[in-house]
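The primary structure of each chain is shown beneath.
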Amino acid sequence: MSAGHAHALYVHGDSRVHALPAHVKLVALLIVIVAVVATPRERVGVFAAHAVVIIAAAACAHLSPRFIGGRLLIGAPFLAFAVLLPFVGGGDRVVVGALSLSVGGLWGAWSVLVKGTLALAASVVVTATTPVPALLTGLGRLRVPVVITEIAGFMVRYLEVIAGEMHRAKVAMAARGYQPRWAWQGTALATSAGALFIRSHERGERVYDAMLSRGYQGRLPQLGATAATRADWARALALPLCAAAAAALAVIG
Amino acid sequence: MSAPALEVRGLEYAYPDGTQVLRGADFHIHPGERVALLGPNGAGKTTLVLHLNGILTPDGGDVTVAGLAVQPRTVKEIRRRVGIVFQDPDDQLFMTTVRQDVAFGPANYGVTGEELDRRVMGALTAVGMAGVVDRPPHHLSLGERRRVAVATVLAMNPEILVLDEPSSNMDPASRRELADVLAGLEITLLMITHDLPYALELCPRAMIMNHGRIVADGPTAALLGDRELMSANRLELPLGFDPSLARPERLPAP
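Chains X and H supply the protein sequences, listed in that same order.
No gaps in the numbering here: position 77 of the first sequence is 78 in this note's numbering, and each next residue is one more.
No gaps in the numbering here: position 222 of the second sequence is 234 in this note's numbering, and each next residue is one more.
The following block holds chain X by itself, in its conformation from the complex (with noise of 0.2 Å):
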């Protein structure tokens, strides 16, 4: 089915990183980019060394660099606009073959080249390594304002849902020899679109009734978190650091 797979991220697997607590890890994740995006952009050094801690952690949780790298290409259209940098920056300019390129934008295309995907890399690690669910309790357990989590939570469970019905719905188009290829041939796709926006108003409205039968009365139960040990911090927190010590002697020299 084209539908989305909300649990896709996710990579079984039975490492010490998958065994952590879910609001450790995203702590840890917190530490790592606050880390990444504070280290000045000419400190090249510091952020191979970043880069080693991010390695280091998804060999810790059995991923390979080709599956790192092929999750990395979510990030390719962001960092397509920072190519457009150098060329459009202002200030000295260095000639390199037959472009006359802005100094500043080649630092500036680097600094979001770099800081980007090391982000979005340790991210990776921790959403290859922790289930939806737990992230959300994670989420929950420090203390994210409950509505978020919740909303977040219906979006989980009720993106295949959705994703389903509108896939049906251009599967019966189709059967009936509908085939749009223009913008404005779209008119029937559009009209499913409002029909399935109010089936899903309808949903909620049916789940509701659900929630209040089983005696909700305006507030989830917190459910399913995990408490963490001395240990887990320790573990989760080791790489993490160093890569904060790294950035903090940067800013600092």
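FYI, nobody ran anything at the bench for these hints, they're computed from the structure.
Note that beta-carbon positions come from the ideal geometry of N, C-alpha and C, so glycine has one too.
It is possible that some hints are incorrect.
[As the list claims (entries may be wrong)] Listed below are the simulated SDA-like cross-link pairs for lysine to any residue, each with C-alpha atoms no more than 25 Å apart in a straight line:
| hint | chain 1 | residue 1 | chain 2 | residue 2 |
| --- | --- | --- | --- | --- |
| 1 | H | 88 | X | 213 |
| 2 | H | 88 | X | 218 |
| 3 | H | 88 | X | 210 |
| 4 | H | 88 | H | 256 |
| 5 | H | 88 | H | 40 |
[Said to hold, decoys possible] Some but not every residue of chain X turned toward chain H, in silico, with C-beta under 8 Å:
| hint | residue |
| --- | --- |
| 6 | 133 |
| 7 | 161 |
| 8 | 204 |
Knowing the structure of chain X, use the given hints to seat chain H on it.
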């Protein structure tokens, strides 16, 4: 005789657009009874069910569950007593894992820790679904989701189980598995269904609803065998099905 597990008297309800759906529905069900609610589409069956636990408030009449009247101040306890399994399991199973979904009801009533785990596993075991406890509901088949939906309600220890078309859209094997689960539960049961052989198999008593009223109430086999009554209420037996010839060993004791 014991006090009714469920008593409905003169229930009347019109939707906000003015459509009158319930026009004085009257019936009662005693503890341990298994009752099928039959009737054509639009008879008001699902609307009736939404009154049993106070989701809808009637324009007239009242509902009493094991001696407790459905009122705004009793509605929380009523919803624990009346376990409704909705027709579409995707409406019923809204959490991200089966465990969280089954725990949702009891957790709303303050059950926590080991007792909550015990309730979750007990309910899932009762429907033969303990093996999927950590799976996301949308990865299960329809038959599995229906059984998990029954577990979400059983975990609340209800007085009466209300099922809205439990066998719809299921393949014959899943339909059979669900029937075995339901037959094995020692609980008062009210089952809305268009599946007349299913009603005959699981419920010794049946009621027919039409135009917002209960128009017939009696032994299921007798109701299904009454051709005039059946056709007057747009009910039809499957081709070749004769309720008087159904194998007696599969029928519930009256």
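Cross-check of the supplied hints:
About 9 Å separates the Cα atoms of residue 88 (chain H) and residue 213 (chain X), which keeps this hinted pair within 25 Å; it holds. Note on residue 88 (chain H) and residue 218 (chain X): the hinted pairing holds, with a Cα-Cα distance of about 9 Å set against a maximum of 25 Å. At most 25 Å may separate the alpha-carbon atoms for a hinted pair to count; residue 88 (chain H) and residue 210 (chain X) meet this at roughly 13 Å. At roughly 43 Å between alpha-carbon atoms, residue 88 (chain H) and residue 256 (chain H) are farther apart than 25 Å, so this suggested pair is violated.
A C-alpha spacing of about 21 Å is found between residue 88 (chain H) and residue 40 (chain H), which places the hinted pair at or below 25 Å, so the restraint holds. The criterion of a C-beta within 8 Å of any C-beta in chain H is met by residue 133 (chain X), whose closest approach is roughly 7 Å, and the hint holds. A hinted interface residue such as residue 161 (chain X) counts as satisfied when its beta carbon comes closer than 8 Å to some beta carbon of chain H; here the least separation is about 5 Å, so the hint holds. Checking residue 204 (chain X) against chain H: minimum C-beta separation of about 7 Å stays under 8 Å; hint holds.
In this structure, only the earlier hint numbered 4 is contradicted, and the remaining ones agree with it.
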